[in-house]
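Model the full structure from these sequences, guided by the hints.
Each chain, written out:
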Amino acid sequence: MMEKAVVFGSGAVRLVGIVTPAAEPQTTAGRPVIIMLNAGLLHRVGPYRLHVHLARELAAIGFTVLRFDLSGIGDSTIRTDRLSEMERSNQDLRDAINFMSNSFQATEFVLFGLCSGAANAHRGALLDARVSGAVFLDGYAYPTSGYRLRRFASHITSAEKWAALPRKLTRSLKHSLANKQRQQTASTIRLKYDFGTPPPRHQVEQEIKSLTKRGVNLLYIYSGGWEGYNHVKQFKEMYQSIDFSDRVQVEYFAQAEHTYPLREDRKKLQRCVCLWIEEKFARLSPTQNLHVEGVKK
Amino acid sequence: MNSFYFGSADSALFGTFHTPGAEHFRDSAVLLCSPTGQEYMRTHRAFRQLATALASQGFPVLRFDYFATGDSAGNDQESSVSRWQDDILTAATELKALSGLEQLSLIGLRLGGALATSVADGRLTLKKLILWDAVISGEQYIDELRSAHQQMLKELGRSQTDKHETEELLGFPFSNTLLHEIETINLLQQRHFSAEKVFLLVSATAAALDTALRHKIESAGVNVTQLSIDAAADISSKRYDQQDSLLFSSKAVKTIASLIAQDAQP
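Chains A and B are the protein sequences, given in the same order. Here the numbering used here is used: the first residue of the first sequence is 162, the next is one more, and so on. Here the numbering used here is used: the first residue of the second sequence is 933, the next is one more, and so on.
Simulated from the structure, these hints should not be mistaken for lab results. Don't take each hint at face value.
As the list claims (entries may be wrong) - Think about it this way: if two alpha-carbon atoms lie no more than 27 Å apart in a straight line, the pair counts; the simulated BS3-like pairs of lysine-lysine are:
hint : chain 1 : residue 1 : chain 2 : residue 2
1    : B       : Lys-1086  : A       : Lys-428
2    : B       : Lys-1086  : A       : Lys-429
3    : A       : Lys-441   : A       : Lys-394
4    : A       : Lys-374   : A       : Lys-441
5    : A       : Lys-165   : B       : Lys-1028
6    : B       : Lys-1059  : B       : Lys-1028
7    : A       : Lys-441   : A       : Lys-428
8    : A       : Lys-441   : A       : Lys-370
9    : A       : Lys-370   : A       : Lys-394
Given below as structure tokens:
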């Protein structure tokens, strides 16, 4: 598979991306194009090359993928207009969808994002009716009574956590000193894995409902490393009024860290995403036996 | 700035060419050799800054991803030092063709510094070779990665996965071949340095190995200067929990850009 570097954008903005074409283009007619968004400030290859590997796996099972840098990240230029950070990412994503629509005749899109990428994907799905699916890694999470109870129980019953307390405190102090030093020298910048203050829970709940009503398929994957989420059940606790039916799937990888630094966790994640996308969106070629190594139903 | 793939179709390399400002066109081009693994992720932005600064001074610049890294073709397990050395030679040829210039300077950071030095053994003759916190001993580098990886596993409460064919170090798989190749890197054993000038830039306190390398290059009859730069620009993987920060050092970038511009003909 030959990947292709592409440049697009509106006005003076120049957004850089990589298109991984589907392995068998003849099978992809009518299938959505997958668009991968930046995880924090990391450029488009993703943490530990996650986006690259996932893009190639998805291409192998018949999906064209675009991974690109939002303006000001990676190789993309900075916007000079006076848009807010959210408006900028909305516009960049709209440019990406328009580009893939014009250049690859795509009519449907599935968004994929980790952390701030998940927040951007949430807004993108709401704003553009061409989005028919989205994968959110460590997206919005709101503490519930169940969350607080599990957290408390886990802290008081875990001998390991008590034993690790001095180490954690030391580490926290070192982090704080290192941050202070970084601020003084301005030589390094922390990756923004957090996405600021999330919208109110009830707003997000209504937005998810509107997406499912529109027929958008949603996959939420939370990691054990995401502060604020600690059980697969928490999603239903957060959004009790949502009719999950077959539109919303939630997974919780308790062992995994937020950015998936261990390969076995990344493999599990990739398998989960590929299976979900194949199940939901390979509908136009039901007779074909599409699978990649390690991805079996 | 133009991003594209180059090299053979089945193992294409991703590169970004920075066109120089037309009014300052210089007589040499600059190839950037990035680090690998987590250090690559952390320095991508700094390399873009550096390339932009050099291009604005009139130097054509190419930065690229080695095979099986970044956006280039290949899976992580296919990485190899010999392949990465070949990639530098391929990128150098590409840069000469793009710029129309024969004279090249190389800037290598961490493992990229070791790779850049290793091809300056006569395969490439350089105007300047700038080594930024270069890995001098591959064995020491792997030890540092192993130590940081163990620390990460400990803090995550996880155990080492099977090391039969590949060993995972800070998120990236290293094949046995790659590990062996890196561990045999020892710049102090290189006899020939085909560069007019070498700059050794050290962000932390210079260690005995840095001084030994300076003596080694001097004894090969090459002009060498050792400089300390922005201490906070140290991106070595000694601690895994510092890995969620991107290098963004205007000071280091300014220093390096001025070294490249020094004595350069307009």
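Evaluated hints:
1. Lys-1086(B) / Lys-428(A): Distance ~21 Å between Lys-1086(B) and Lys-428(A) Cα, so the pair holds.
2. Lys-1086(B) / Lys-429(A): Holds: Lys-1086(B) and Lys-429(A) sit about 21 Å apart, inside 27 Å.
3. Lys-441(A) / Lys-394(A): 22 Å, holds
4. Lys-374(A) / Lys-441(A): 16 Å, holds
5. Lys-165(A) / Lys-1028(B): 22 Å, holds
6. Lys-1059(B) / Lys-1028(B): Answer holds: Lys-1059(B) to Lys-1028(B) is near 13 Å, not above 27 Å.
7. Lys-441(A) / Lys-428(A): 20 Å, holds
8. Lys-441(A) / Lys-370(A): 18 Å, holds
9. Lys-370(A) / Lys-394(A): Within the cut-off at roughly 18 Å; holds.
Checked against the numbered hints above, the structure violates none of them.
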